[in-house]
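Asker: Chains as they are written, first to last, in our numbering: chain A, 39 to 306; chain L, 155 to 424; chain X, 63 to 309.
Worth flagging that the hints you see were computed from the coordinates, not collected in a lab. A couple of the hints might just be wrong.
Here are the simulated DSBU-like cross-link-like pairs (lysine-lysine), alpha carbons at most 35 Å apart as the crow flies [said to hold, decoys possible]:
{"hint": "1", "chain 1": "L", "residue 1": "K379", "chain 2": "L", "residue 2": "K406"}
{"hint": "2", "chain 1": "A", "residue 1": "K86", "chain 2": "X", "residue 2": "K224"}
{"hint": "3", "chain 1": "X", "residue 1": "K160", "chain 2": "X", "residue 2": "K276"}
{"hint": "4", "chain 1": "L", "residue 1": "K418", "chain 2": "L", "residue 2": "K323"}
{"hint": "5", "chain 1": "A", "residue 1": "K210", "chain 2": "L", "residue 2": "K263"}
{"hint": "6", "chain 1": "X", "residue 1": "K224", "chain 2": "A", "residue 2": "K148"}
{"hint": "7", "chain 1": "L", "residue 1": "K170", "chain 2": "A", "residue 2": "K170"}
{"hint": "8", "chain 1": "X", "residue 1": "K276", "chain 2": "L", "residue 2": "K213"}
{"hint": "9", "chain 1": "X", "residue 1": "K132", "chain 2": "L", "residue 2": "K210"}
{"hint": "10", "chain 1": "L", "residue 1": "K331", "chain 2": "L", "residue 2": "K272"}
{"hint": "11", "chain 1": "A", "residue 1": "K163", "chain 2": "A", "residue 2": "K66"}
{"hint": "12", "chain 1": "L", "residue 1": "K384", "chain 2": "L", "residue 2": "K172"}
{"hint": "13", "chain 1": "X", "residue 1": "K70", "chain 2": "A", "residue 2": "K170"}
{"hint": "14", "chain 1": "A", "residue 1": "K218", "chain 2": "L", "residue 2": "K379"}
{"hint": "15", "chain 1": "A", "residue 1": "K192", "chain 2": "A", "residue 2": "K148"}
{"hint": "16", "chain 1": "X", "residue 1": "K67", "chain 2": "L", "residue 2": "K171"}
{"hint": "17", "chain 1": "X", "residue 1": "K276", "chain 2": "L", "residue 2": "K325"}
{"hint": "18", "chain 1": "L", "residue 1": "K283", "chain 2": "L", "residue 2": "K258"}
{"hint": "19", "chain 1": "X", "residue 1": "K240", "chain 2": "X", "residue 2": "K197"}
{"hint": "20", "chain 1": "A", "residue 1": "K44", "chain 2": "A", "residue 2": "K60"}
Quick caveat: nothing in here was measured; it's all calculated off a predicted structure.
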Amino acid sequence: MGSIIKVDNLTFRYKDTFIFDKFSLEIKEGEWLSITGANGSGKSTLIKIITGLLKTDSDINICGLKLNKENLYSIRKNIGVIFDNPENLFLCETVEEDIAFCLENLCYSKDEMRYRVGEVSNKLKITNLLKKSPNELSGGEKAKVALACAIIHKPKILILDEAISMIDENEKQKILEILKDMHKNGMTIISIVHDLRETYYSDRLVVINDGAIMLDGTPLKVMEYDKVLNRLGIELPFEIELSTKLKLYGIIDNLIPNIEEMVDRIWQ
Amino acid sequence: MAIVFDKVTYKHDPNKKKNAINNISIEISNNQICGIIGKSGSGKTTLLELIDGLIKPQKGKVLIDEIDINKDKSIRKNIGFVFQFPEEQFFQTSVKKEIEFAIKNYGIKNKKIKDLLKMLGLNENILNKKLSSLSNGERRMIAIASILVYNPKIILFDEPTIGLDYKNKSKIIQLIKNLKNRCNKTIIIVSHDIDLLYRICDNLIILSEGKLILYGDPHSVYNEKNLIDKYDISIPKILEFERLAKEKKNKKLMHSNNINDLIKEVYRNV
Amino acid sequence: MYNLKFTKYYNTESFIHDINPLFKIISLFILTFLCLLSSNLIFLIILLLFLIFVILISNVPIKLYINNLKFILPMVLFIFIINIIFNDIYNTLLSIIKIILFILYSQVLLYTTKPNDITYALELFLSPLKIFNIKVSNLALTISLALRFIPIIFTQAYKILKAQISRGLNFNGNLNEKCDKIVSVIIPIFNLSLKRSEEISYVLDMRLYNVNKKRSKYKNWDITTDDIEVLFVHILLILLCIVLEVI
Chain A
39 MGSIIKVDNL TFRYKDTFIF DKFSLEIKEG EWLSITGANG SGKSTLIKII
89 TGLLKTDSDI NICGLKLNKE NLYSIRKNIG VIFDNPENLF LCETVEEDIA
139 FCLENLCYSK DEMRYRVGEV SNKLKITNLL KKSPNELSGG EKAKVALACA
189 IIHKPKILIL DEAISMIDEN EKQKILEILK DMHKNGMTII SIVHDLRETY
239 YSDRLVVIND GAIMLDGTPL KVMEYDKVLN RLGIELPFEI ELSTKLKLYG
289 IIDNLIPNIE EMVDRIWQ
Chain L
155 MAIVFDKVTY KHDPNKKKNA INNISIEISN NQICGIIGKS GSGKTTLLEL
205 IDGLIKPQKG KVLIDEIDIN KDKSIRKNIG FVFQFPEEQF FQTSVKKEIE
255 FAIKNYGIKN KKIKDLLKML GLNENILNKK LSSLSNGERR MIAIASILVY
305 NPKIILFDEP TIGLDYKNKS KIIQLIKNLK NRCNKTIIIV SHDIDLLYRI
355 CDNLIILSEG KLILYGDPHS VYNEKNLIDK YDISIPKILE FERLAKEKKN
405 KKLMHSNNIN DLIKEVYRNV
Chain X
63 MYNLKFTKYY NTESFIHDIN PLFKIISLFI LTFLCLLSSN LIFLIILLLF
113 LIFVILISNV PIKLYINNLK FILPMVLFIF IINIIFNDIY NTLLSIIKII
163 LFILYSQVLL YTTKPNDITY ALELFLSPLK IFNIKVSNLA LTISLALRFI
213 PIIFTQAYKI LKAQISRGLN FNGNLNEKCD KIVSVIIPIF NLSLKRSEEI
263 SYVLDMRLYN VNKKRSKYKN WDITTDDIEV LFVHILLILL CIVLEVI
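Required output: the full structure, derived from the provided sequences and hints.
Answerer: Shown next as structure tokens:
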């Protein structure tokens with residue numbers, strides 16, 4: 039699987055500070071990459087640069103196209119984004135119109151749009167929400183609708199910018215299961231997270247600080263560096279903190295991200 | 155100052171049937187940290203707004219030290235309310251003017267701003283800075299300072315640690331503990347971080363759809379297994395671990411309040 | 063605060079509610095046109111009767127319609143007095159009936175049609191203006207976004223107001239002092255709205271919105287036999303007007 043996003047020596051300034059100075063990152067097709075970092079580390083800025091919402095002259099390649107003014111629209115056709123503020127994600131009166139909004143911009147016919155909206159809402163099990171106003175939805179329902187809006191044009195890359203951090207536990211888990219499914223079917227996923235619990239299903243976790251990559255590896259491997267993470271201001275989930283300490287005492291062999299599994303392993 | 159809810163019912167929209175707060179009666183005594191837990195939409199923020207008299211219940215009374223706050227709004231100068239994302243309220247350019255807003259409004263003469271900044275771990279010269287030049291953590295602290303500056307006896311926090319990184323979260327938690335222990339304040343916190351509330355609260359209020367489900371000290375509250383299961387209430391991870399150890403492996407661990415104690419207990423029982 | 067209604071739409075079911083909004087806009091257009099043209103009292107009275115019929119089948123409480131008339135009472139009185147002075151009772155009567163017709167008929171549109179449906183209809187109705195290089199679909203999107211976000215901004219403003227009140231904000235003092243104090247609500251809302259519009263523009267960009275490109279429409283309102291009947295009635299009214307003018 040080749041690389042689908044390649045950031046080469048990105049340099050980006052905001053006012054007088056360098057947010058990124060010769061930053062490089064390569065994301066492979068079909069990879070689920072989680073990115074985390076303390077506030078101000080540059081994670082949201084990176085997403086805005088990759089999606090062309092912030093301009094840069096640096097060398098960035100997405101889906102084989104160089105990121106510039108001419109290619110921007112074609113590149114964006116391959117990306118679906120869910121931003122973090124659920125209040126500003128919905129533009130239309132009803133859920134189905136919001137989901138179809140992207141296809142309206144691509145000039146799809148009414149029949150094609152109706153078919154696609156039906157397809158996506160069946161897949162995400164939100165058919166019962168189609169006629170509702172976005173204001174009436176719960177946090178988890180809003181996230182599912184936002185997901186529908188982001189994948190309606192069948193992009194290759196899905197980006198979540200702290201999109202599910204404010205949702206109740208149970209609903210958050212359901213969304214992660216849906217994402218896991220999509221990933222299994224070949225979707226490249228980039229998720230910016232604050233809570234490391236959201237990284238358990240991803241292939242790779244990158245920790246950014248002051249515009250540079252500090253740690254890069256599988257989530258559980260990265261979470262072994264508990265001292266580094268603490269110094270960078272990143273909180274470890276309870277299960278990981280507990281596993282780390284139990285591992286130190288030799289009670290278990292490696293980090294276990296699930297409490298039930300941990301209990302099983304300790305008293306086998 | 156004690157807070158009493160006497161059969162309070164409140165609706166956001168008088169034309170609709172749904173009650174945001176449904177017949178709640180609670181007595182919150184002086185000088186404690188009380189946490190409010192519940193799913194989104196269960197009425198947590200509404201409860202705080204009722205305490206501060208920002209909204210008026212259709213039925214029942216909200217009493218602060220036995221005075222109905224909706225009849226005597228002057229009590230409000232004894233209540234400080236730190237809203238969710240309090241930095242959104244900023245309207246001044248300088249830090250000093252923003253902090254002074256409340257004391258100007260309440261006509262307070264004795265300003266101890268420098269002591270306050272010290273308690274918040276901020277340098278004195280932050281007063282001369284512009285609000286736009288501050289970091290995320292500093293903005294949150296200044297927002298809190300602008301509430302604490304008029305020395306309210308009751309302090310309400312709505313998701314105080316939201317959007318902050320680990321270091322700043324710890325600062326806020328320490329501040330809350332100091333406010334209770336050193337300044338004798340009554341503190342009410344709404345948070346979705348149940349592990350945090352379990353660690354620092356003296357009492358917990360658990361709401362579901364506007365109704366009071368449980369109220370008491372954290373340990374007793376989470377012991378009510380029937381209600382926890384009935385209302386699908388999430389339990390703190392430490393308790394989940396202890397419960398799983400007991401139910402699946404028949405290991406009755408002595409109750410721990412933090413991870414380090416839990417490790418020692420596990421070590422003892424392996 | 064939660065009672066603050068931003069639209070006049072009255073949610074109920076009626077024959078009028080179900081009519082295609084484009085046809086309702088066309089109907090208002092035709093009626094206004096006929097109103098302005100005609101100086102035939104008999105025709106205007108027929109229109110008035112037609113209006114009363116429409117109001118009755120709209121299932122919207124008559125109280126609400128009458129409330130609107132209260133507003134024009136001073137204007138009606140003024141016209142009445144002016145025309146008494148110039149001794150032209152016939153034309154006064156005509157003018158008053160025309161005003162009532164226009165105001166009440168536009169109310170029927172507003173009470174029976176959701177704002178987003180009005181926008182949808184206006185977009186179709188005004189689409190011929192494309193010839194003059196007026197971007198009707200952009201205008202329609204702007205209006206839809208405003209309809210969507212203005213209530214949200216008001217809710218946020220209410221939250222900021224509560225927060226400032228909690229910090230002791232009161233509205234005592236003279237006008238100057240009151241203006242100073244309201245700044246504590248206006249500035250945060252202004253800043254937050256700027257931030258919000260930036261976020262909305264990101265969403266528009268990532269959903270592939272392009273100001274210059276043509277867009278298709280998902281929303282569809284079928285034309286039913288009821289709509290054709292309504293059109294037919296209006297054609298009859300036009301013919302009636304012509305006939306009564308000629309006679």
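Asker: Now tell me, hint by hint, if it's right for this structure.
Answerer: Hints, verified against the model:
1. L/K379 with L/K406: Cα-Cα ~16 Å, so holds.
2. A/K86 with X/K224: OK: A/K86 and X/K224 at ~34 Å, within 35 Å.
3. X/K160 with X/K276: violated, 40 Å
4. L/K418 with L/K323: holds, 26 Å
5. A/K210 with L/K263: violated, 49 Å
6. X/K224 with A/K148: violated, 45 Å
7. L/K170 with A/K170: holds, 18 Å
8. X/K276 with L/K213: Violated: X/K276 and L/K213 sit about 55 Å apart, past 35 Å.
9. X/K132 with L/K210: holds, 33 Å
10. L/K331 with L/K272: holds, 15 Å
11. A/K163 with A/K66: holds, 29 Å
12. L/K384 with L/K172: Status holds; Cα separation ~21 Å.
13. X/K70 with A/K170: Roughly 20 Å separates the two Cα atoms, so the pair holds.
14. A/K218 with L/K379: holds, 32 Å
15. A/K192 with A/K148: holds, 17 Å
16. X/K67 with L/K171: Given that 35 Å is the threshold and the Cα spacing comes to 18 Å, the pair holds.
17. X/K276 with L/K325: Violated, at about 53 Å.
18. L/K283 with L/K258: Holds. L/K283 to L/K258 sits at ~20 Å (cutoff 35 Å).
19. X/K240 with X/K197: violated, 42 Å
20. A/K44 with A/K60: holds, 13 Å
In the structure shown, a violation is registered for the earlier hints numbered 3, 5, 6, 8, 17 and 19, in ascending order.
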